[in-house]
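A.B. asks: Sequence:
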Amino acid sequence: MPSPIAFYSKLFGTEPAKRRDGYANFAVTEPPLKLVLIEGEADEDTRLDHLGVEVASTEDVTAATTRLKEAGLATFEENDTSCCYALQDKVWVTGPGKEPWEVYVVKADADTLEKANTGA
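Counting in our numbering, the sequence shown runs from 1 upward without gaps.
A portion of the hints provided could be inaccurate.
Derived DEER-like restraints, expressed as beta-carbon distance ranges [as the list claims (entries may be wrong)]:
1. Thr112 / Asn25: 21 to 29 Å
2. Asp111 / Ala42: 31 to 39 Å
3. Asp49 / Lys107: 16 to 24 Å
4. Glu70 / Lys98: 19 to 27 Å
5. Ile5 / Asp109: 34 to 42 Å
6. Ala63 / Ala6: 14 to 22 Å
7. Lys98 / Thr14: 18 to 26 Å
8. Glu99 / Glu59: 32 to 40 Å
9. Leu113 / Asn25: 15 to 23 Å
10. Ala74 / Glu41: 15 to 23 Å
11. Glu41 / Thr66: 32 to 40 Å
12. Ala71 / Gly22: 17 to 25 Å
13. Arg19 / Asp80: 37 to 45 Å
14. Leu87 / Arg19: 25 to 33 Å
If you are wondering where the hints come from, they were derived from the structure by calculation, not from laboratory data. All C-beta atoms in this analysis are idealised placements derived from N, C-alpha and C, irrespective of residue type, glycine included.
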C-alpha cells in the first residue's frame, strides 16, 4: 500500500499515526475533514463525487498549493468559484484511486449549488 500512503502523507502533510501491514491510519485533527452529501437523481447509484479539506483562509489554500506542488503532485487551482452554495478558492489534486480531492476555503455564501469542477 505504499502509493496511497505516500499520496495521503503529502496531501495531509503528515505521516500515518499507525501503520501495519496493509493498513494505515491517519489521525488528522487540523484541519478537520468535512463530509457533504448531495442527493442524486432517483435512478442514480450512490457514489463518491469528491473529497475535501476545508482550511481557514485563501493564504492556507495558497500554502497547500505550494506544499502539494513541491511534493510532486499535479494541481489545478480555482479562485472565486461558486460551488456547494459557497464562493470558494481551492486547489485540486487526484488521489491514487483517481478520486478528486480539494483543499478549499469558503469565502462567502452563494445562491446556487453549482457542481464541483473536480478538475484535477
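A.B. asks: Would you list, in rising numerical order, the hints stated earlier that this structure does not obey?
C.D. replies: Violated hints: 1, 2, 8, 9, 10 and 14; rest satisfied.
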